[in-house]
Amino acid sequence: MDRLMLGDNQFFGINHMSEEKARAQAMRFQDISVVQDVLDDAYDERVTTFMCTTHERIELVADHVRAQPERYADMTFLPCMPYAHKYANAMTDEGPLGAIRKFLPDGGFLDAARRGGSALARKDIEGVTTLLIDAEMKMFEGLRTPVVFLQNVVVDLLLGLGFDDAFRIFAEHVRGRYGAEPGFITMNAPMLLDTLESVGIENPVVCTNLNKVGFRMSGGVQAYQSLLRDRQWRAIAMSVFASGAIPADEAIGWVCEQPNVESIVFGASSRRNIVATRDLVSQYWQLD
Amino acid sequence: MTRIGVVGLGKMGLSHLSMLRAHPDVEVVGVCDSSGYMLGVLGKYTGVPTYGDLEEMLAATELDALVISTPSRLHAPMVRTALERGLHVFCEKPFCLDPADSLALSELARERGLVTQVGYHYRFVGAFAEVKRLLDAGAIGRVTHVLAEAYGPVVLKEQGGTWRSRRSEGGGSLYDYAAHPLNLVNWYLGEPVDVRGTVLNSVFSADIDDTVLSTMMFESDATAQLSVNWSDESQRKMSTKITVWGTQGRIFADRQECQTYLREGAAVPDGYEAGWNVRYTTDLTEPVWFYLRGEEYSAQLDRFVGRIARGDLDDVNAFDEAAVTDRTMAQMLLDARDPSRTSTRPAAPVTRRRRRFWRRRR
Numbered sequence: 001m002d003r004l005m006l007g008d009n010q011f012f013g014i015n016h017m018s019e020e021k022a023r024a025q026a027m028r029f030q031d032i033s034v035v036q037d038v039l040d041d042a043y044d045e046r047v048t049t050f051m052c053t054t055h056e057r058i059e060l061v062a063d064h065v066r067a068q069p070e071r072y073a074d075m076t077f078l079p080c081m082p083y084a085h086k087y088a089n090a091m092t093d094e095g096p097l098g099a100i101r102k103f104l105p106d107g108g109f110l111d112a113a114r115r116g117g118s119a120l121a122r123k124d125i126e127g128v129t130t131l132l133i134d135a136e137m138k139m140f141e142g143l144r145t146p147v148v149f150l151q152n153v154v155v156d157l158l159l160g161l162g163f164d165d166a167f168r169i170f171a172e173h174v175r176g177r178y179g180a181e182p183g184f185i186t187m188n189a190p191m192l193l194d195t196l197e198s199v200g201i202e203n204p205v206v207c208t209n210l211n212k213v214g215f216r217m218s219g220g221v222q223a224y225q226s227l228l229r230d231r232q233w234r235a236i237a238m239s240v241f242a243s244g245a246i247p248a249d250e251a252i253g254w255v256c257e258q259p260n261v262e263s264i265v266f267g268a269s270s271r272r273n274i275v276a277t278r279d280l281v282s283q284y285w286q287l288d
Numbered sequence: 001m002t003r004i005g006v007v008g009l010g011k012m013g014l015s016h017l018s019m020l021r022a023h024p025d026v027e028v029v030g031v032c033d034s035s036g037y038m039l040g041v042l043g044k045y046t047g048v049p050t051y052g053d054l055e056e057m058l059a060a061t062e063l064d065a066l067v068i069s070t071p072s073r074l075h076a077p078m079v080r081t082a083l084e085r086g087l088h089v090f091c092e093k094p095f096c097l098d099p100a101d102s103l104a105l106s107e108l109a110r111e112r113g114l115v116t117q118v119g120y121h122y123r124f125v126g127a128f129a130e131v132k133r134l135l136d137a138g139a140i141g142r143v144t145h146v147l148a149e150a151y152g153p154v155v156l157k158e159q160g161g162t163w164r165s166r167r168s169e170g171g172g173s174l175y176d177y178a179a180h181p182l183n184l185v186n187w188y189l190g191e192p193v194d195v196r197g198t199v200l201n202s203v204f205s206a207d208i209d210d211t212v213l214s215t216m217m218f219e220s221d222a223t224a225q226l227s228v229n230w231s232d233e234s235q236r237k238m239s240t241k242i243t244v245w246g247t248q249g250r251i252f253a254d255r256q257e258c259q260t261y262l263r264e265g266a267a268v269p270d271g272y273e274a275g276w277n278v279r280y281t282t283d284l285t286e287p288v289w290f291y292l293r294g295e296e297y298s299a300q301l302d303r304f305v306g307r308i309a310r311g312d313l314d315d316v317n318a319f320d321e322a323a324v325t326d327r328t329m330a331q332m333l334l335d336a337r338d339p340s341r342t343s344t345r346p347a348a349p350v351t352r353r354r355r356r357f358w359r360r361r362r
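The listed protein sequences correspond, in order, to chains A and B. The working numbering numbers the first residue of the first sequence as 1 and each following residue consecutively. The working numbering numbers the first residue of the second sequence as 1 and each following residue consecutively.
By construction, these hints were calculated from the structure, which means they are not laboratory data.
The calculated lysine-lysine pairs, modelled on DSSO-like cross-linking and capped at a C-alpha distance of 30 Å, are:
no., chain 1, residue 1, chain 2, residue 2
1, A, 21, B, 157
2, B, 157, A, 138
3, A, 86, B, 157
4, B, 132, A, 21
5, A, 21, B, 241
6, A, 102, B, 157
7, A, 86, A, 102
8, A, 212, B, 132
9, B, 237, A, 21
10, A, 86, A, 138
11, A, 212, A, 21
12, B, 132, B, 241
13, A, 138, B, 237
14, B, 237, A, 212
15, B, 44, A, 102
16, A, 21, A, 86
17, A, 102, B, 237
18, A, 86, B, 241
19, A, 138, A, 102
20, B, 241, B, 157
21, B, 237, B, 132
22, B, 157, B, 237
23, B, 237, A, 86
24, A, 86, B, 44
Small disclaimer: the values here were computed from a predicted structure and weren't measured.
Produce the entire structure from the sequences given, and follow the hints as far as they go.
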């Protein structure tokens, strides 16, 4: 994995500090070509990995990159699935099962499984899960996707429920079908690492908040620091700036000095921001 | 260790279940739902004991508390069942569709000394709690007006099918959406003495309201307006906003931030100054043991569990506080049906003198 990767929250009106900023970003990036321009800037500044949700608009980016294989020879996508809001809104409307049914390419599959009632076969769950993954992965066909992530809302929901098998099902399918490493995004890394270990997922790729102030790091900064020191995992740091609560140089300095952080994913809306972050990180880490 | 059962495994129920199972002081001893498929999956893959019926679960398990996240019309009977068995209760919002039930159940819980809480999670959002803190400190002087808003992309086309699209079962943006900002208004200003100008309109729905507009009058002479629309696709998700005007300043808050303007001469709280002050969620939010979808969801459950351990009956979102919101919504429904009615106040024209007179007589 590249040490520095671009995230996509800024493109979809997600900002943890301000609704106004979020809306301004949503307006600015309404035209996908503006998103593409920022991605091109990042690419030309050698930030060639894009960690992105499986939002339907990303499909346009994927099409654009696919159409110019020479221009984007090093372009790497790290898909994060699912785009949770479409499920969340559908769940309010149609319940959890209704929401899953709505996004399955073949709704009849779930209906057949439901008719089975509580005598549910393991293959049903595997079948539903893998169909959902395949539906989300379709837009990336033919592109480089070395890691495929499960979004934190899903990871943390399953983690709390104790639905541990789901992680293994996800990992097996992502490895088997896409030749990719399974990745897990979480706000609860200490608990997740224990669970992944218990289902035999070794040295997992885990993307989690890592910031000096402990913002959305359940268990606290020290627990995360001891995970970095003592456990075998491939850590990707996100929310490094804690949504702007920490000055950039201080934030990058802190995270780069933590042991065993493999990569940082960051949001940026302009070439200037991309260069600034890259230059800060390169003060601590060897990039390229 | 608090032994908890969860009834109703919709969106909120599953999310509560996940957070509770991750809580170090909680043992989830049973879950109950009418969907055999959902129970089958959960039982098989998570090992949690499952029941198809509440009575069955209550008979088979030893519980300290019940978390109720069923469709709204089922809240009242299930809460009663739980209280009569001596269980502490966390109930999803809205509490009861009939305010008479809200009152009776609040009283029953008090008689039995049981801890109760309703899932108005916005009171656990740092920015909205900061508004409460500022108002209690008198930072903006006497409150004159509140604007409470909620917008979101829930109903964007004609549809139907679930209980949420049926008025009789507690569907509609009043119970489902407006209840949240309204509950914040109740927290900040108390119960309105009168409700006027309520309009519940459909945008797309056949049987329910998609928008809510209403004006509330308070004992203090403060007013509040509610503006809610869940057919607003421009919002990525539910967006709740509160603006409070006072004689000494103004406060604006949403989930992300709290912006306060204080006039010279205001009672400026520690850490604030005259002029603009902005506090972000990163400063205002306490860490939680487990994060699923916002600290507030974790924090409210943690508070409930902590209150049970302490036997703390009077705290934020107890049944009697949620009953205030139920009564306010009932007033709005009444007002929307018959604007010419006389309710808590003499009919218009309401003059200031008559209101004073009325107040003395009470």
